[in-house]
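There are 4 protein chains.
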Amino acid sequence: MLNIAIIGAGRIGHVHAGTVAAHPQANLALVCDPFGDAAEKLAAQYGARSCKEAEEVFADPEVDAVVVGSPTPLHIPHLLAAAKAGKAVLCEKPIALDMQDVEAARAELDAITTPVMFGFNRRFDPSFAAIHAAVQEGKIGVLEQLTIISRDPAAPPAEYIKVSGGIFRDMTIHDFDTARFFLGEIVEVHAVGQHLDPVIAETGDFDAAVVTLKAASGAVATIINNRHCASGYDQRLEASGRDGALLAENVRAHTVRLSNAEVTDAQEPYLDFFLERYADAYRLELSAFIEAVEAGTTPPTGIADAVAALRLAEAATESAHTGNPVRLA
Amino acid sequence: MLNIAIIGAGRIGHVHAGTVAAHPQANLALVCDPFGDAAEKLAAQYGARSCKEAEEVFADPEVDAVVVGSPTPLHIPHLLAAAKAGKAVLCEKPIALDMQDVEAARAELDAITTPVMFGFNRRFDPSFAAIHAAVQEGKIGVLEQLTIISRDPAAPPAEYIKVSGGIFRDMTIHDFDTARFFLGEIVEVHAVGQHLDPVIAETGDFDAAVVTLKAASGAVATIINNRHCASGYDQRLEASGRDGALLAENVRAHTVRLSNAEVTDAQEPYLDFFLERYADAYRLELSAFIEAVEAGTTPPTGIADAVAALRLAEAATESAHTGNPVRLA
Amino acid sequence: MLNIAIIGAGRIGHVHAGTVAAHPQANLALVCDPFGDAAEKLAAQYGARSCKEAEEVFADPEVDAVVVGSPTPLHIPHLLAAAKAGKAVLCEKPIALDMQDVEAARAELDAITTPVMFGFNRRFDPSFAAIHAAVQEGKIGVLEQLTIISRDPAAPPAEYIKVSGGIFRDMTIHDFDTARFFLGEIVEVHAVGQHLDPVIAETGDFDAAVVTLKAASGAVATIINNRHCASGYDQRLEASGRDGALLAENVRAHTVRLSNAEVTDAQEPYLDFFLERYADAYRLELSAFIEAVEAGTTPPTGIADAVAALRLAEAATESAHTGNPVRLA
Amino acid sequence: MLNIAIIGAGRIGHVHAGTVAAHPQANLALVCDPFGDAAEKLAAQYGARSCKEAEEVFADPEVDAVVVGSPTPLHIPHLLAAAKAGKAVLCEKPIALDMQDVEAARAELDAITTPVMFGFNRRFDPSFAAIHAAVQEGKIGVLEQLTIISRDPAAPPAEYIKVSGGIFRDMTIHDFDTARFFLGEIVEVHAVGQHLDPVIAETGDFDAAVVTLKAASGAVATIINNRHCASGYDQRLEASGRDGALLAENVRAHTVRLSNAEVTDAQEPYLDFFLERYADAYRLELSAFIEAVEAGTTPPTGIADAVAALRLAEAATESAHTGNPVRLA
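Chains as they are written, first to last, in my numbering: chain Y, 1 to 329; chain E, 1 to 329; chain Z, 1 to 329; chain B, 1 to 329.
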């Protein structure tokens with residue numbers, strides 16, 4: 001039985017708490033949040049303890065593993081402190097926005113043997129994971145082309161965008177990891193950025209982009225991003241191989257199709273937003289973490305994945321600004 | 001090369017004329033219509049001759065085969081005259097509305113060896129035909145349940161309904177033939193009629209119905225009819241077998257799907273109406289006729305099919321009025 | 001905060017326990033099962049107490065509400081004892097197999113004011129519920145025809161079928177409730193039973209059926225059942241109204257579509273079986289119960305619904321055996 | 001009535017002949033092919049005359065319009081000769097493989113007023129045309145991103161590829177025209193070529209590619225090409241706008257969906273190949289030509305479109321070889 005502490009009692013903390021409580025190999029031991037009321041309320045729902053200071057988590061001998069769901073700037077400090085205290089760690093993405101900080105953290109983590117996993121939850125999405133498994137099993141032959149369509153329902157406020165690190169670090173980062181998950185090493189990045197919304201354009205950031213990734217294998221991935229999508233959270237992926245193709249369609253809350261004099265087989269808008277669309281992915285991600293720690297195996301994503309995705313984001317940013325492709329070492 | 005005459009230069013005559021002209025084994029020789037202008041115009045488009053009197057068709061030595069597309073009351077006279085003149089005949093459905101007339105025609109036809117085929121065009125619909133072929137090949141194992149959904153876009157005028165022979169003879173007749181095409185001999189019929197539109201109710205006819213057919217094989221077919229469907233001409237069929245199922249979806253003019261803030265993957269209304277929805281079926285039906293005549297084989301539908309479908313219509317009418325099932329001999 | 005006890009620590013008990021634990025207005029207080037280990041283990045996962053005797057549940061002053069998930073023959077005793085002890089009750093279906101027992105229970109319940117709800121979980125399925133809500137809002141105009149397709153993935157053992165009460169009481173009972181949910185009062189039932197599997201035929205029961213229900217409103221419902229479906233648990237519903245139609249498609253574990261040289265857009269088999277397919281329905285059903293009890297409102301399903309569904313099952317059984325329709329008072 | 005001659009009695013000649021014959025405003029006057037038998041046979045089917053020499057077509061006073069379906073190297077000579085003889089011309093694509101030849105032809109055409117149209121048939125595909133019309137009508141708001149997926153079922157022989165002008169001039173040329181049809185002026189092209197099939201790699205040509213096009217409007221188009229697709233001729237298009245999106249799905253021969261123990265809702269492979277997939281497009285293209293000539297209006301595609309598409313092909317070829325984007329004037 002793995003005793004787990006959760007740092008951060010916000011919406012994602014609630015999601016993780018429910019997963020831990022329902023998992024036969026895990027126990028929710030502690031919920032930590034500087035807003036003590038939030039921590040207490042969430043802890044009470046599942047019969048756990050609560051605290052306000054992260055240091056209490058690291059010092060707690062009963063805690064075996066920590067889920068770091070604090071704000072992004074605290075990810076590296078919390079992650080390192082927990083790992084140094086000998087706790088297994090699942091850290092939410094993005095690990096950080098600055099590559100130097102990440103490289104420094106990586107150097108420290110290299111000296112620590114406790115299992116550390118990063119929250120690239122889309123690898124655990126049932127549809128994407130099923131496609132990945134089928135590709136690995138050779139169901140569609142050699143993978144030739146990957147298409148990732150990823151559009152958010154609506155852009156965050158310009159204030160957030162200013163500190164987000166830009167569309168590639170903030171939004172495309174997930175798609176970069178997905179591309180690596182399917183294609184392995186990427187050797188060239190070309191990005192086109194779009195200024196569609198003048199309010200976002202004023203922040204200097206793009207609000208839409210098309211990224212082309214060449215893999216060492218010869219396969220090519222295309223990522224199509226937009227901060228805005230009228231129909232909801234548009235998340236599709238198509239893997240096209242020599243012998244077939246696998247397409248993950250969008251997810252909706254139910255299967256109803258409406259037909260009337262104007263339309264037929266109309267479905268409702270896509271699940272909106274990530275906590276809903278990727279609810280299963282969050283659950284399966286945390287289960288994978290629990291099972292890896294309990295079994296003593298390496299968690300499925302590590303610091304190297306966090307570094308690689310951030311590097312692709314930096315290359316895409318450069319390409320979108322210069323107009324030229326960026327070759328990676 | 002089969003020289004074909006078409007009686008009736010209306011919409012269905014135009015459909016058949018195009019098929020004949022494009023068929024490598026057939027030649028459009030003659031178009032006949034009491035409205036001479038219509039016959040002349042259609043004939044001109046494909047370089048054929050035209051006439052106003054059906055008798056000219058039957059007497060024309062150049063004509064090998066006749067497509068009877070005249071009004072229903074003339075079907076039997078034209079069919080018999082053409083057959084007696086030694087022409088092969090494709091007769092549009094319904095052969096007639098009265099079982100006695102049909103039985104009399106059958107007796108006459110039994111003495112004639114010229115090929116006569118009846119226009120149960122849905123057997124030739126690419127989707128229904130593909131399902132039928134797959135069932136025959138055993139792709140879904142023993143056929144257990146058949147579901148036919150057949151809804152017209154809008155009811156015809158009450159004046160037409162009064163002389164139509166009623167919903168079962170006029171509309172369900174196609175579905176009865178489809179059920180026979182898939183299930184063979186039917187041994188029991190139960191029908192529920194509905195009075196949804198008060199204008200039609202006044203004519204004494206039902207405007208919607210659900211029919212259950214028990215086949216000798218133990219399979220059961222369900223037919224769901226409605227004279228009205230807001231989304232267009234709703235024509236679906238599902239064959240459910242021990243090892244799988246085959247579903248024919250509705251047909252639309254194109255494959256476009258619209259997504260916006262209200263709906264996703266919305267398609268346009270169904271193809272409306274039968275000449276559009278069953279355009280391929282009419283073409284393939286006439287091709288099958290041409291090929292059977294040229295090859296000297298028996299056409300795929302005969303007078304026995306016309307009789308059997310009409311008998312089911314009579315049984316359904318009785319059942320819907322009495323509320324009790326009707327057992328067939 | 002509603003303190004809930006669950007009687008029965010089997011698979012459905014696990015489902016309900018997770019719902020209670022995650023619900024902000026409810027607390028899992030007690031799990032009861034004659035197999036004490038099962039009760040203890042489930043209780044431990046959510047920090048609840050456990051017991052072996054149902055009497056302890058009824059006598060426990062901390063327990064506000066009871067979920068009766070015991071075997072069918074114990075439903076009425078447990079339900080009545082809990083209600084008499086002043087507990088709110090959610091009773092799994094079927095309430096019983098014998099109409100006399102149900103009528104007797106109804107008489108006793110009529111004298112008790114504690115809220116009692118019955119587990120017709122499909123009313124809470126997100127797709128069926130969305131269609132029902134849209135119909136109520138007039139989105140498709142007057143409801144004219146309802147089609148329910150409900151096929152189990154595989155028949156239970158013949159031993160179970162012998163004591164099941166027959167296909168209509170055991171399997172169609174859910175569809176009868178769904179038909180009532182949409183159409184209200186039913187005035188006529190016609191059923192055709194099929195003997196497809198010789199092993200089941202030997203038990204005297206049908207293993208497939210087509211039922212036609214006439215509603216007082218003039219609408220007609222068709223239920224198509226089969227104990228076997230090669231593709232999984234086939235659960236579809238289509239409501240067809242004057243101005244449009246709403247179709248609930250089958251549910252699958254993910255949205256992946258495979259295309260290769262043989263097939264395109266192929267999806268995986270349907271979710272199999274009811275705990276998976278109706279997982280959301282069970283969760284939403286229990287939430288509705290919790291919210292009704294907390295708010296002091298009448299639960300959405302009551303003993304009258306249980307009685308009405310069983311009455312339809314009895315009528316369908318009679319019709320399938322006699323071949324004649326059964327009119328209801 | 002427009003009297004039309006067709007040069008080329010191959011498969012595409014047969015398609016056009018059927019369209020002309022069935023068109024109420026057109027008459028098939030003459031079929032020309034150096035293989036006289038082919039010309040004669042096709043002409044006979046529709047009651048037209050035939051000839052072996054193209055010069056006879058240009059000199060024929062009865063001929064109002066010419067469909068140029070000869071091999072690519074003869075397109076410009078036939079096109080110019082017909083236009084100089086005062087005939088309206090519909091010229092099949094590609095007009096030529098060499099930009100200098102095309103510019104020279106353009107200069108000559110500029111001095112001629114007879115209507116000349118080029119066979120960018122996909123603009124007339126019912127699905128693509130419906131999306132284009134909806135975009136023009138503002139149904140999805142400002143167009144932001146266009147995705148074109150275009151994969152052939154199987155690569156042509158290496159011998160053909162050697163003289164094809166390369167994938168961008170031979171295959172992507174259609175998609176370039178489609179991109180211009182939707183987005184107007186293109187200002188930057190970036191292309192990644194792939195060598196997936198070693199036999200094609202030996203010819204020096206790519207057999208798959210991903211092209212990114214920036215439009216002057218700020219919109220971006222992505223073209224994903226492959227010479228091979230296991231599932232057939234994969235032709236999809238998605239227009240994504242500020243207020244919605246429109247997707248054209250693949251086309252199949254019928255609507256049947258198969259479900260069994262392995263798959264559900266499986267459809268058959270895509271229509272294979274272009275004459276089948278774009279049959280309606282060819283028919284509607286020729287109708288548009290006939291109607292423009294009869295009405296005296298400018299045909300919907302002209303030499304400028306042929307030039308622009310070829311220019312994009314040249315830019316893409318350069319980009320794929322250098323790895324750098326190409327800016328257009």
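To be clear, the hints were calculated from the coordinates, so they are not data collected in a lab. Heads up, a few of these hints could be off.
The list makes no distinction among identical chains, and a pair is therefore deemed to hold if it is satisfied within one copy or across any two copies.
Only pairs whose alpha carbons sit at most 20 Å apart, straight line, appear in this in silico SDA-like list of lysine to any residue [to be verified]:
1. Lys41 x Val142
2. Lys41 x Asn3
3. Lys162 x Val263
4. Lys139 x Glu159
5. Lys41 x Asn27
6. Lys139 x His23
7. Lys84 x Gly47
8. Lys41 x Ala22
9. Lys139 x Val263
10. Lys162 x Val142
11. Lys84 x Glu62
12. Lys41 x Met1
13. Lys139 x His254
14. Lys139 x Asn260
Hints, verified against the model:
1. Within a single copy, Lys41 and Val142 get their C-alpha atoms no closer than 51 Å, and across copies no closer than 46 Å, so neither meets the 20 Å cut-off.
2. For the identical chains of this complex, Lys41 and Asn3 are neighbours both inside a copy (19 Å) and across copies (17 Å), given an alpha-carbon limit of 20 Å.
3. Taking identical chains as interchangeable, the C-alpha atoms of Lys162 and Val263 are never at most 20 Å apart, the minima being 41 Å within one chain and 32 Å between chains.
4. When the C-alpha separation of Lys139 and Glu159 is checked against a cutoff of 20 Å, the pair qualifies neither within a copy, at 45 Å, nor between copies, at 31 Å.
5. With identical chains, the CA atoms of Lys41 and Asn27 are at most 20 Å apart both within one copy (17 Å) and between copies (13 Å).
6. Taking CA atoms no more than 20 Å apart as the test, Lys139 paired with His23 passes in neither setting, with 32 Å inside one copy and 41 Å between copies.
7. In this assembly of identical chains, Lys84 and Gly47 lie within 20 Å of each other by CA distance neither inside one copy nor across copies; the values are 27 Å within and 31 Å between.
8. Proximity of Lys41 to Ala22 under the C-alpha cut-off of 20 Å is found in both arrangements, the shortest distances being 18 Å within a copy and 12 Å between copies.
9. With identical chains, the CA atoms of Lys139 and Val263 are at most 20 Å apart between copies only, with a shortest distance of 13 Å across copies and 36 Å within one.
10. Taking identical chains as interchangeable, the C-alpha atoms of Lys162 and Val142 are never at most 20 Å apart, the minima being 41 Å within one chain and 25 Å between chains.
11. Only within a single protomer do Lys84 and Glu62 lie at most 20 Å apart by alpha-carbon distance; the minimum there is 16 Å, versus 44 Å between protomers.
12. In this homomeric assembly, Lys41 and Met1 come within 20 Å of each other (Cα to Cα) only across copies, at 13 Å, whereas the closest approach inside a single copy is 23 Å.
13. In this assembly of identical chains, the alpha carbons of Lys139 and His254 lie at most 20 Å apart only when taken from different copies (17 Å versus 29 Å within one copy).
14. For the identical chains of this complex, Lys139 and Asn260 are inter-copy neighbours only, at 9 Å across copies versus 39 Å inside a copy, given an alpha-carbon limit of 20 Å.
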